[in-house]
Amino acid sequence: MTDETIKEANPGWHLDAGKVAKDLVVTALLATAIFGSTIAYKTVSAEGGLALETRYDIAFYIIAAVVVGRLILWLAVWSRPSGHRSPVMPANMKASIAFLTTKIGKGFATTMLLIALVFPFLPFTDRYLLDLGILVLTYVMLGWGLNIVVGLAGLLDLGYVAFYAIGAYSYALLAQYFGLSFWICLPLAGILAAFWGIILGFPVLRLRGDYLAIVTLAFGEIIRVVLLNWYWFTGGPDGLSGIPRPSFFGIDFNRSESGFAHIFGLEYSSSHRIVFLYFLILALALLTNFVTNRLRRLPIGRAWEALREDEIACRSLGLNTTTVKLTAFATGGMFAGFAGSFFATRQGFISPESFTFIESALILAIVVLGGMGSQIGVVIAAIVMIGGFEIFREAEQYRMLIFGLAMVFIMIWRPRGLISTRIPSIFLKEKKAVSSDMVSQGEGH
Amino acid sequence: MEYFLQQLINGITLGSIYGLIAIGYTMVYGIIGMINFAHGDIFMVGSFVALIVITALGLTISTGLGLTILALILVLVTAMVIASVFGWTIERMAYRPLRGSFRLAPLITAIGISIVLQNYIQITQGARVKPLQPIISGGYTIMTRVDTNGEFAVQISNMQIMIIVVTVILMTIFSLIIAKTSLGRAQRACEQDRKMASLLGINVDRTISMTFVMGAALAAVAGLMFLLYYGVIDFFIGFVAGVKAFTAAVLGGIGSLPGAMLGGLVIGLIETFWSAYFSIEYKDVAAFSMLAIVLIFLPQGLLGKPEVEKV
Amino acid sequence: MIAKIDDAVLTVEHLNMRFGGLLAVDNLSFDVGRKDITALIGPNGAGKTTVFNCITGFYKPTEGRITTHHEDGKKFLLERMDDFKIPKIAKVARTFQNIRLFSGMTVLENLMVGQHNPLMVASNYTFGGIFGLKTYKTAEKKAMDLAKYWMDQTRLTARADDAAGDLPYGDQRKLEIARAMCTNPKLLCLDEPAAGLNPRESEDLNKLLMFIRKERETGILLIEHDMNVVMGISDHIVVLDYGKKIADGTPEEIRSDPKVIAAYLGVDDEEIETVEQEIEEGVSS
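Residue numbers (my numbering), protein chains in the order written: chain A, 1 to 445; chain B, 446 to 756; chain C, 757 to 1041.
Careful: at least some of the hints might be erroneous.
Chain C is faced by these chain A residues, among others (derived, beta-carbon under 8 Å) [as the list claims (entries may be wrong)]:
{"#": "1", "residue": "Leu266"}
{"#": "2", "residue": "Glu267"}
{"#": "3", "residue": "Leu298"}
{"#": "4", "residue": "Thr321"}
{"#": "5", "residue": "Arg422"}
{"#": "6", "residue": "Met438"}
{"#": "7", "residue": "Val439"}
The list that follows gives simulated cross-link-like pairs (lysine to any residue, SDA-like), each with its CA atoms no further than 20 Å apart [to be verified]:
{"#": "8", "chain 1": "A", "residue 1": "Lys432", "chain 2": "C", "residue 2": "Arg915"}
{"#": "9", "chain 1": "A", "residue 1": "Lys42", "chain 2": "B", "residue 2": "Phe742"}
{"#": "10", "chain 1": "C", "residue 1": "Lys904", "chain 2": "A", "residue 2": "Ile72"}
{"#": "11", "chain 1": "A", "residue 1": "Lys22", "chain 2": "B", "residue 2": "Ser654"}
{"#": "12", "chain 1": "A", "residue 1": "Lys22", "chain 2": "B", "residue 2": "Phe742"}
{"#": "13", "chain 1": "C", "residue 1": "Lys816", "chain 2": "A", "residue 2": "Val291"}
{"#": "14", "chain 1": "A", "residue 1": "Lys431", "chain 2": "C", "residue 2": "Lys844"}
{"#": "15", "chain 1": "A", "residue 1": "Lys42", "chain 2": "C", "residue 2": "Tyr905"}
{"#": "16", "chain 1": "A", "residue 1": "Lys432", "chain 2": "C", "residue 2": "Lys844"}
{"#": "17", "chain 1": "A", "residue 1": "Lys19", "chain 2": "A", "residue 2": "Ile72"}
{"#": "18", "chain 1": "A", "residue 1": "Lys429", "chain 2": "C", "residue 2": "Gly921"}
{"#": "19", "chain 1": "A", "residue 1": "Lys429", "chain 2": "C", "residue 2": "Tyr905"}
{"#": "20", "chain 1": "A", "residue 1": "Lys429", "chain 2": "C", "residue 2": "Ala914"}
{"#": "21", "chain 1": "C", "residue 1": "Lys890", "chain 2": "A", "residue 2": "Val68"}
{"#": "22", "chain 1": "A", "residue 1": "Lys431", "chain 2": "C", "residue 2": "Lys816"}
{"#": "23", "chain 1": "A", "residue 1": "Lys19", "chain 2": "B", "residue 2": "Phe742"}
{"#": "24", "chain 1": "A", "residue 1": "Lys431", "chain 2": "C", "residue 2": "Lys841"}
{"#": "25", "chain 1": "C", "residue 1": "Lys897", "chain 2": "A", "residue 2": "Ser425"}
{"#": "26", "chain 1": "A", "residue 1": "Lys22", "chain 2": "A", "residue 2": "Asp57"}
{"#": "27", "chain 1": "B", "residue 1": "Lys728", "chain 2": "A", "residue 2": "Lys42"}
{"#": "28", "chain 1": "A", "residue 1": "Lys432", "chain 2": "C", "residue 2": "Asp927"}
{"#": "29", "chain 1": "C", "residue 1": "Lys816", "chain 2": "B", "residue 2": "Val610"}
{"#": "30", "chain 1": "A", "residue 1": "Lys19", "chain 2": "C", "residue 2": "Lys831"}
{"#": "31", "chain 1": "A", "residue 1": "Lys429", "chain 2": "C", "residue 2": "Lys897"}
{"#": "32", "chain 1": "A", "residue 1": "Lys431", "chain 2": "C", "residue 2": "Asp917"}
{"#": "33", "chain 1": "C", "residue 1": "Lys904", "chain 2": "A", "residue 2": "Thr323"}
{"#": "34", "chain 1": "A", "residue 1": "Lys429", "chain 2": "C", "residue 2": "Lys816"}
{"#": "35", "chain 1": "A", "residue 1": "Lys429", "chain 2": "C", "residue 2": "Lys844"}
{"#": "36", "chain 1": "A", "residue 1": "Lys432", "chain 2": "C", "residue 2": "Lys816"}
{"#": "37", "chain 1": "C", "residue 1": "Lys893", "chain 2": "A", "residue 2": "Lys19"}
{"#": "38", "chain 1": "C", "residue 1": "Lys844", "chain 2": "A", "residue 2": "Thr323"}
{"#": "39", "chain 1": "A", "residue 1": "Lys432", "chain 2": "C", "residue 2": "Asn962"}
{"#": "40", "chain 1": "A", "residue 1": "Lys429", "chain 2": "C", "residue 2": "Lys841"}
Since the hints were made in silico from the structure, they are not lab data.
By construction, the Cβ of each residue, glycine as well, lies at the ideal position given by its N, Cα and C atoms.
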């Protein structure tokens, strides 16, 4: 209480030196415990067992950095009067911002699409950038697929990568055992993934939000462990190689007479296939987006969103929530299946290592950072995340650490993601974006 | 029969370790309704700290018994303290700002913390597995059977005795803390109704912090046990052990302390018997399937209260 | 004592609901007339909401039979139905004591979700709708018309495109009723619709309920504490206390029933007068 009165008396500056000093000492002690133990000492293999390697200098610098950082925070941020720290936005301002983001969103989406369409032909686009573009688009597609489950239906799925794996293995195995082409396998992979979504989803979908999350994680791991151990069928840890490359609707990308370059009178270049792969994943991603937007305007899509808002109310209106959840699970799974078979044909090689839990976490992070339910948000988040990953490529071993830290900071900074306003699926007079305060995130119940 | 008995002993040992980790999940879930996904990684950190201290003390199998016990107590206390600091700091920095946010935000943050801890240890301690020479040796032969296949002895090692004894002691201490101390009362009050507890003058934030500290300390104990029992650790042990311990917590009835211990034992036994009689490759599949089966058919657990849907 | 209703839309017979050792509803039987407004009243904790949850399938009753009768002679045994089939097939809709709207969706969207089942059929379970078939477009337009009709009745048209969570409390209550009406129910169950409303809003609600009964031929079963509403609009009142039915009849009969007064008297000495006063006012208004 006395602290508050002091703060009110001196609104500009209210740092209590004693308090700050105490805080810094505690910080130093904690930092010493955390970094002094695990950085200052490292166990290394030595003759006859283990030996310790000491790194007091690094530990000291890090502890010092933490304490100084905290002091800077005290001086620069926490010394300001509390009123200025978190300005409360008036409601009308919030509405106008929501309106503005919708407007910008529209123009932004068109611009992004145009850039995506001409990207392979830009002068500075080399093989590396094109590959990166394909990677980003794959994650955009996966993000859009998961967005149906997490963003629209509000079901937290931590095992989404399982459907991606099912799609990839479906194509690889169908091609290997039956010699089926990519274009036949693509829909089959989607159907199989959706089918597995229903089989796995059926027993677990009545679980509460966080229990569902853990069970989906368990399912993702089960599928990975099975792929890893079912040696004669899936190749186990060695994976499957020699997966056929896609053809341009039957025309192969090679130097032969019947090859793509020859038929279209072009000079043979290995980049033709890469450009084709780029447009293939772009088309698949756009299909995902188109279908999702269509579904949102149909009763099924509205049912997904209603489910996220209030499951009990859904049941009181005659919605079979099990079916609603299963369709969301299956639809999301289907798109992951498509993306998986694309991944297989692009890589030519797959192994269980590509389908770990971290992959699920990355896709989820894209959806959450983008703003659950926001299609354009997923695009931005995928570019930021995958681009960020590339920037930290040099710091190979630090990039997962940075990724984890980023996930934590994003949740604290913007628990609702970058774009959190919701666009209604139908309107009477005018389409008004719904502010994120109203939109539920599907907490189970 | 003898083989079965041997597996039973191994299962109980493993189950004690899972039970100790499970307590952290169950207490945190009980009090703030959050799955602390990073708890398994706190266990891993505890294990690494124990390894560092053991190496620093130069503890080996040739150290005398009295000295070994003293040294292990020192290792245990250090690991508990440092793991508690990790637990406390994580709660303070990453989870507390999200209290009152939508329910899945802390879960996603916890996943982030789990990734951070794993990679932090990977960077600072190296990615390779760390082998530790056995420190405690010897044991007792309970029974032997000689038949045409040769000799089969059912043994309980000193290590297993130590693990089980320490688990029982710590469980008793923590049950007493929950039952008798004011901290325990505050915890139970927050579990029932956090708002009401704070109106009655209970420092809710502090109580929650202490819950994380207690959970982390017990996880560090489990970390030391795991290290001594298996003799190898790496930065990834927290993930699978965490999922199994969470399964144990749910199986026992989330929020219930004896439930967590019971669940740990059941999961430890299932895993041991599965590995012994079926296939060791699929032992994690068994644990994960168990989790799914328990959540689907027995979501309130063995010792938990059934939930009535509020309409 | 027992008012037998010839043309009942809902009959509840020997309903028992047990939670562990607690018998929340004890051998309850009553009827709801087809175009009647029936009120279920009783002191707090009398088991009213439990009865609602049994009727609408959120709880499975321990014993008893709950039947709806449609005009065409079809009968549905509600205690055997899955909860979502009760509004879908047996045509019993409900609202909740603590409003449950889809607060992030607009008023119009809320009303469209209320028409999920017919729209699902019209969209050929999504497979037709996704290709933009005409049947779905027409059905959606019809659904919009029904939504507009109910927005007009509840005076929410101006707020059609606003988030439901943005509406003032009284409008949220009305929207929940409108949404339930969009399922075209034969019986509408309202759990304390007037709770938290000011006198003017409460008056509005009365008019809305009278309108639903008259124009839509829907039976209404409501739980209510506001005696103005109960006495003002009910055709038939059922009184519960400790899970048992203690009275059943017209407002006049209930008002003078000594058992009812005793039940309310039992609550608290100060409340007797207010209750009596409320009853008086309810009758006079």
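Tested hints:
At about 36 Å, the closest approach between the beta carbon of leucine 266 of chain A and any beta carbon in chain C exceeds 8 Å, and the interface hint on this residue is violated. Taking 8 Å as the C-beta cut-off, the interface hint given for glutamate 267 of chain A is violated, the closest approach to chain C being about 41 Å. Because the smallest distance between the Cβ of leucine 298 of chain A and any Cβ of chain C comes to about 4 Å, under 8 Å, the interface hint for this residue holds. Because the beta carbon of threonine 321 of chain A sits about 7 Å from the nearest beta carbon in chain C, less than 8 Å, this interface hint is met.
Taking 8 Å as the C-beta cut-off, the interface hint given for arginine 422 of chain A holds, the closest approach to chain C being about 6 Å. With a cut of 8 Å, the hint placing methionine 438 of chain A at the interface with chain C holds, because the nearest CB-to-CB distance is about 4 Å. With 8 Å as the threshold, the beta carbon of valine 439 of chain A comes within range of chain C, its nearest partner Cβ sitting at about 3 Å, so the hint holds. For a cut-off of 20 Å, the pair hint linking lysine 432 of chain A to arginine 915 of chain C stands: about 11 Å separates their Cα positions.
Among the hinted pairs, lysine 42 of chain A with phenylalanine 742 of chain B is inconsistent with the structure: their alpha-carbon atoms are about 45 Å apart, more than 20 Å. For the hint pairing lysine 904 of chain C with isoleucine 72 of chain A, the CA-to-CA distance comes to about 58 Å; that exceeds 20 Å, so the pair is violated. Proposed proximity of lysine 22 of chain A and serine 654 of chain B is supported: the alpha carbons are some 19 Å apart, at most 20 Å. The straight-line distance between the Cα atoms of lysine 22 of chain A and phenylalanine 742 of chain B is roughly 51 Å, outside the 20 Å bound, and the hint therefore fails.
Taking the CA atoms of lysine 816 of chain C and valine 291 of chain A, the gap is about 39 Å. The hint is violated against a cut of 20 Å. Restraint check for lysine 431 of chain A and lysine 844 of chain C: not satisfied, since their Cα atoms lie roughly 30 Å apart, outside the 20 Å limit. Taking the CA atoms of lysine 42 of chain A and tyrosine 905 of chain C, the gap is near 73 Å; set against the 20 Å cutoff, the hint is violated. A threshold of 20 Å between alpha carbons decides the hint, and for lysine 432 of chain A with lysine 844 of chain C the separation of about 31 Å lies outside it, so the pair is violated.
This hinted pair checks out: lysine 19 of chain A and isoleucine 72 of chain A have alpha carbons roughly 15 Å apart, not beyond 20 Å. Restraint check: the Cα-Cα separation between lysine 429 of chain A and glycine 921 of chain C comes to about 19 Å, which is no more than 20 Å; the hinted pair holds. Distance hint between lysine 429 of chain A and tyrosine 905 of chain C is fulfilled; the C-alpha atoms sit about 15 Å from each other, no more than 20 Å. Distance hint between lysine 429 of chain A and alanine 914 of chain C is fulfilled; the C-alpha atoms sit about 9 Å from each other, no more than 20 Å.
Restraint check for lysine 890 of chain C and valine 68 of chain A: not satisfied, since their Cα atoms lie roughly 67 Å apart, outside the 20 Å limit. At most 20 Å may separate the alpha-carbon atoms for a hinted pair to count; lysine 431 of chain A and lysine 816 of chain C exceed this at roughly 42 Å. With a C-alpha separation of about 52 Å, the suggested pair lysine 19 of chain A and phenylalanine 742 of chain B falls outside the 20 Å cut-off, and the hint is violated. Between lysine 431 of chain A and lysine 841 of chain C the CA atoms are separated by roughly 33 Å; this puts the pair beyond 20 Å, and the hint is violated.
About 14 Å separates the Cα atoms of lysine 897 of chain C and serine 425 of chain A, which keeps this hinted pair within 20 Å; it holds. Only pairs whose Cα atoms come within 20 Å are accepted, and lysine 22 of chain A paired with aspartate 57 of chain A is rejected, the gap being roughly 25 Å. For the hint pairing lysine 728 of chain B with lysine 42 of chain A, the CA-to-CA distance comes to about 32 Å; that exceeds 20 Å, so the pair is violated. About 19 Å separates the Cα atoms of lysine 432 of chain A and aspartate 927 of chain C, which keeps this hinted pair within 20 Å; it holds.
Distance hint between lysine 816 of chain C and valine 610 of chain B is unfulfilled; the C-alpha atoms sit about 47 Å from each other, more than 20 Å. Only pairs whose Cα atoms come within 20 Å are accepted, and lysine 19 of chain A paired with lysine 831 of chain C is rejected, the gap being roughly 73 Å. Using a Cα cut-off of 20 Å, the hinted pair lysine 429 of chain A and lysine 897 of chain C holds, with the two alpha carbons roughly 14 Å apart. Among the hinted pairs, lysine 431 of chain A with aspartate 917 of chain C is consistent with the structure: their alpha-carbon atoms are about 7 Å apart, no more than 20 Å.
Restraint check for lysine 904 of chain C and threonine 323 of chain A: the C-alpha separation of about 28 Å exceeds 20 Å, so the hint is violated. Restraint check for lysine 429 of chain A and lysine 816 of chain C: not satisfied, since their Cα atoms lie roughly 43 Å apart, outside the 20 Å limit. Under the criterion of a C-alpha separation no larger than 20 Å, the hint pairing lysine 429 of chain A with lysine 844 of chain C is inconsistent with the structure, at around 30 Å. Under the criterion of a C-alpha separation no larger than 20 Å, the hint pairing lysine 432 of chain A with lysine 816 of chain C is inconsistent with the structure, at around 41 Å.
Taken as a hint, the lysine 893 of chain C and lysine 19 of chain A pair is broken in the structure, with Cα atoms around 67 Å apart against an allowance of 20 Å. Proposed proximity of lysine 844 of chain C and threonine 323 of chain A is supported: the alpha carbons are some 14 Å apart, at most 20 Å. A distance of roughly 32 Å separates the Cα atoms of lysine 432 of chain A and asparagine 962 of chain C; the hinted pair therefore is violated under the 20 Å criterion. For the hint pairing lysine 429 of chain A with lysine 841 of chain C, the CA-to-CA distance comes to about 33 Å; that exceeds 20 Å, so the pair is violated.
Taken one by one, the earlier hints fail for this structure at numbers 1, 2, 9, 10, 12, 13, 14, 15, 16, 21, 22, 23, 24, 26, 27, 29, 30, 33, 34, 35, 36, 37, 39, 40, listed in ascending order.
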